[in-house]
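Visitor: If you want the building blocks of each chain, they are given just below.
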Amino acid sequence: MSRSRLAAITAILAGSCTLAACADGGGSAAAAAPSLTTSVPAPVKDVDTVTWNLPPGEPPTLDPAQSAIESVSTPLANMCEGLFSFGPNYERVPALATSVDHPDDLTYVIHLREGVTFWDGKPVTPDDVVYSVKRILDPKLGSSWIGWAERLRSIEPTGAHEVTIKLKQPDVLVPNFFATPAFDVVEKAFAESAGRSFGTAGHGVMCTGPYKLASWTQGQNITLTRNDAWWNTQVKPKVKNLKFTFITDPSAQTAALDSGDVDGQFSVPRAAHVRLKDKGNLLFGQSLSPTFLSVLNQKGALSDPATRQAVQALIDYKGIIKSVYQGAAQPLRALVPPAAWGYGKDVYQQAYDALPQPAQDLEKAKKLVAGSAKAKQKIVLAYTTAIDEESRTATAIADAASQAGMHVQLKPLTAEQYGAMFASPQARAGVDLFLSSGYLDFPEPLTYYQFFTTGNFYNFAGYSNKEYDTAIRTAIATADPSARAREVTKAQAIMAHDLVNIPIATQYVNVYYKAGLTGLVPRQNYLYVPWATTLGGKG
Amino acid sequence: MTLTIPALRARAARRRRRRPLGVTLAVAFLLVAAVTGALAPLLAPHSPNATSLLDSLAPPGTAGHLLGTDSTGRDVLSRLMYGARLSLLAPLGVVLLSGILGTAAGLLAARAGGWVDAVLSRAMDIVFSFPSLLLAMLVVAVFGPGLTAPICALAVSYTPFLGRVVRSVALQEGARPYMESYRAMGFGELWTTVRHLLPNMTPVLLAQSALSFGYAMVDLASLSYLGLGVRPPAADWGSMISQAQSAILQGSPWSGLIPGLAVLLTVVSVNVLGEHIGGSIARRGEGT
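For the record, the sequence lines run as chains A and B. For the record, in the first sequence the residue sitting at position 313 is 313 according to our numbering, with numbers rising by one throughout. For the record, in the second sequence the residue sitting at position 97 is 636 according to our numbering, with numbers rising by one throughout.
Since the hints were derived computationally from the structure, they do not count as laboratory data. These numbers come from a predicted model, not from an experiment. One thing to keep in mind: the hints can contain errors.
[Stated by the list, open to error] Each pair of labels, with its calculated beta carbon distance range:
| # | chain 1 | residue 1 | chain 2 | residue 2 | range |
| --- | --- | --- | --- | --- | --- |
| 1 | A | G405 | B | F682 | 28 to 38 Å |
| 2 | B | F682 | A | T217 | 33 to 43 Å |
| 3 | A | K466 | B | A602 | 53 to 63 Å |
| 4 | A | H497 | B | F682 | 38 to 48 Å |
| 5 | A | T217 | B | S707 | 25 to 35 Å |
| 6 | A | A359 | B | S668 | 55 to 65 Å |
| 7 | A | A359 | B | T601 | 20 to 30 Å |
[Unchecked claim] A short, non-exhaustive set of chain B residues, derived as facing chain A with CB atoms under 10 Å:
| # | residue |
| --- | --- |
| 8 | T563 |
| 9 | A573 |
| 10 | T575 |
| 11 | T590 |
| 12 | L593 |
| 13 | D594 |
| 14 | G612 |
| 15 | L616 |
| 16 | G766 |
| 17 | P771 |
| 18 | P772 |
| 19 | Q784 |
| 20 | S785 |
| 21 | A786 |
| 22 | I787 |
| 23 | L788 |
Note that CB positions come from ideal geometry on N, CA and C, so glycine has one too.
This is chain B alone, in the form it adopts within the complex (with noise of 0.2 Å):
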């Protein structure tokens, strides 16, 4: 089918029009936090471990410091924007690596089936039954703090959650006529499934994946915020409300809400997406 120019603006005009506005304020409010973190160096108003303890605790709007400082005179913005490097890619580790092994681990359990499937199914059971945060304190307890540990533990506790997602949806579509006409047509199954499955998973892995990254992104945020997490001075989200703690009992609550704040909209954005993406996916599901 070829469109015209005109018949393609029409098309995307109204793909605009059924996407909702939370959707749209989602997709902006991530885009600016990403390019915000990624281009902190070129936009923050300061370094954001610079100290100033005389100048501690300044509110909002001061002069210089845009969201005040927090409890050793460093600029909230500046920490802020920094902070969102650590506090969005961290999640993205945890979400990129449950993703590989969850997947590898579904499309594995459903294709092989018999003692594989059983075997797989019984471990992502008892992956699941352990409570991610839990697992991640005790894998910082063993290897100290720092991000690495947590972000491997907390992807170990989500793959079975990506893990029996992949699981089901790869039963149904392998179940379907154009599995078999491959098979017929002597097709391995190695290349069946990257080659046809896999794509036919994307929608439903980016749903899951992104429901995935808030809950990482809450995870690891509590993790910094129980001093588990990044090492000081390293600004992320989690540490800076955990380090407003003091601020927030001498009446200077900005620096903790800020940060608290960021990482609520981050989550509520993701999930919106998230949400999204699932609907989509049901509606096309019910149109064909």
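Isolated chain A, as found in the complex (with noise of 0.2 Å):
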């Protein structure tokens, strides 16, 4: 039993040696910021198959009603459809219907197009359109999509090739909506005839993207297969075979695409750039992601805004930018990234510069903490280990709490248990700081900041502001892109004061792909937009 273990201390030693001499290049804290890819060659060649991995593994599922999750967003966005799609500047560009009238602030006409059919030949339906859209509504189904529905009145079909909805109140959101997965079209027969089956690796789903699914072996991969008869004549998918695989530790991750077992995924491993960034196609784009603080506990220590201030302070921006993120995030000022604003950009550059530059400031901190009796009371700041980038930024902020005088205990989550903090009020019990990352589905910063209003389920810490709430009402009800913007504004001016949230950095999305392949631009619409039909064979 001794020489067994010790052998196996032998073997992962000598396994890091084995790995510490196929990367190249020495241990440096700040690699060269990447550049931003925007467009790359099409394709011209034909593949067979592409093996992709999905980091966040197995899908629980492919229902368009739970893809809210990555697992299930990144081959579903290349199978099912919504009204609209993403374009490259997450345009609306028209997918199952081809237009939509907006004849008064309530109701929406959209008309569908016609001769799409599903992956079995049956035509695509208003009544399809329709039972799609209520069936992600039934709350039984626990979809997150159920939110773009807070003011809808009514959704029937009106016609052939119609579908008009009918809202309570204005809401601007609503049609972006229309090009996310919560207005993706199942077909309706197959749903029900499937009941709560639908989307399991038994029954699959029927829609009519681009790719349908051929098989699903749980445990070990998905294979989709090109959809011929996909509606959209003009786009020629050049892969015919999309095969997902589930690796999802790092290291497994770097050696399988290294190695050619895996030709590409989204989100690699930071740790792994340098070794690939030579090997393939290791591309960055900007992301809708932000990284940040929530106070999730407004009773204890960070109670006192000089607490809140001083955690703003301890942040060391530049480390984490150039030695967690390898130069590949920017700081931020305000929660949502300007790469968000999807509309007048003018106000929104004009508010973000009035925001105090993101800076480490510890005497400030310092200073914050000998005037406030409640900052040196102790603050539990809980954060994933799933991502390594996160633990090195908390271990971070929790060693220049303690030069500052602060006492910041690290509360290390496993991934289901960094899942269940966004479900479960018990999950949250105890943390007063929570460091996560999330995304915004469409550049539009009320998606955000509509979080934090009274009484908004993802409101966790119980913020509640009057004026930030009525700026947001204010918001959702104005068409006027300027107008919005200011009002959005209004609201982002009052969070960064209360400092509800910390923003720290937003991420660059990074796609890499295998050497003989090219089509495919990183961008954060990539999980709903069907990505696969952009990639393909190099000349």
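Combine the two chains into a complex, taking the hints into account.
Guide: Listed below in structure tokens is the structure:
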């Protein structure tokens, strides 16, 4: 027994040596900042099979209702389609609908594309569309896409190829959701017969997209095959088969990508960048993703604004960007990153510039702590160990806190515990600060800021500010982009003042694919657009 | 028997000559590790938790960081020194706890015999059949991360290792004439067991405990590696290896290799020592 254990340790050490030897270059804290890719050569060659890894692991289902998680949305984006899709700059482009009329503030008349069929050849009807949208709104299904329908009065078929949506109150966010899985269209008869098994490995789904489900071997892979009867004849996908694997361990992902066992994946572990950058295509793009600290407990140490300001002053923005994210991120002044300003850019830019530049200031933190009794109380900071960048950021914050005379106790969470933080008040009990990352579904800052209005499900701390609520409410009902941006920036300024959240950084989205492939530009919208249709072989 | 000082010196020299070099090196390494851990606040060049993100992954030999820095810029040497405390004390806790439980169970089974022996032996078989690391992981899942729960769980898991050995030796010793003599003189079971049987078993207990220490260290390091051991930012060698995973991928293996080497050398040293003690007992047995 002792010999086998010693052999195991020796093997671990030898493995470490081998990995180190394989990796080129020595360690460096701050790699050169990567450049952002906005275009790549289009593919010219057909490829029989591309093996693509899903870093979050095997999806629990392929039901569009559950596609708010990356493991589901990454493959599903190539299978199921909504009424519209997002273009390269998040502009709404027609998909299963050709156009939408907006005769008054409360009505959207959607004109459906004619001649579209599901994979089984049956035509898409307005009934299928209405069924699909209403299905997701069923609370029993537990879909997080239910939120868009807060102001929905009705959705009905109003013609052979027409569906009409009526709202109770104006809501400028609604049209954005037409291009998200909230409006993915599934075949009514298929879904009804599958019942609760819809989307599972046993039953699969029935959609209209460029790829259809060929097989799902649980625990091993999901294979999609090209739908040659896809309605969009202007786009001819070059990849015939798309096989998804479920490697979650960052070291194993790196080894699989490096060896060519896997052809590509999104969200490549940062530690693997050095090793993969010259191997194939490691590309970066702007993201709609903020990493931030949420104040979860407004009654403890953080009830004093001085404590919150001190915490903000502790954050080593420069070190986090250069060392933790290796330059593939930017520090944030506000919760919503600049890439998510989908309109009113001048207004947002002016308001953003008016916010203090993020920089570590330990002296300021020490002064704030010295003047506040609350700031010396224990602060429990929860973060997930599943994301190395967040572990390192939390460790650095805790150390800076001790230097400033504060007591930040780290609470590491497994991936499961981290997920529970968003769903269960019990999981959040005893946590004062929560380090997490999220992303906006489309470039509309309101989608994030509305989470912090009084009574919102995601307003975990129970933050309540009448001025903030009024600004958000007004913005949601304001169609004019500049006027809306002004209302949103009002709310943004209130949030920055109250420090309900402490923004840290926006990290770039990244993708890796092997040298023989081309066509895929890294964009946050890969979660909702058929990204595999752009991929193919180089000339 | 009375020995003169020159005679004592000559005997000590003979013993030193007989002691293999490996044992000497093992003892020296363990002493250095223990002293370094105990005096870490005096010896460590930096605070073990002091981060400096811009100085992360500095290689060994960097000015001010003899063994380099980890992925958050913490000094590897300082964390290694402080880490020695938990990395050595935690397995020691497992060994002490399992030693007490195992010795008590083994002696009770051997001395009481009958149904007590049968019940205790079967109980030890059941515990023995359950993988120690799995039990520790289950306990951590219930009680949360930290060292107390895994130490207790591993101690329970290791109890049969020692319990079986103690029972076996106690049965052999119990049948020896000196034990019969004490009984004939009217001394009670408890007195003869504690006063005479137990001291005679001490070398065996030491040898077995030394081996258990090595196992416990690897198990605890594995738990820390899995994020189930000490809570961050506290340093221990297992968690240092775990936190170095991303650094290894980036071509900076030292922040993981160095604590890995410390675990390896400690376990090897303890095993060498344990085997040496075991060998000495066997030789003494052959001599009698």
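Visitor: Report the numbers of all earlier hints that the structure fails to satisfy, in ascending order.
Guide: Checked against the structure, the hints that fail are numbers 5, 8, 9, 10, 15, while the rest are satisfied.
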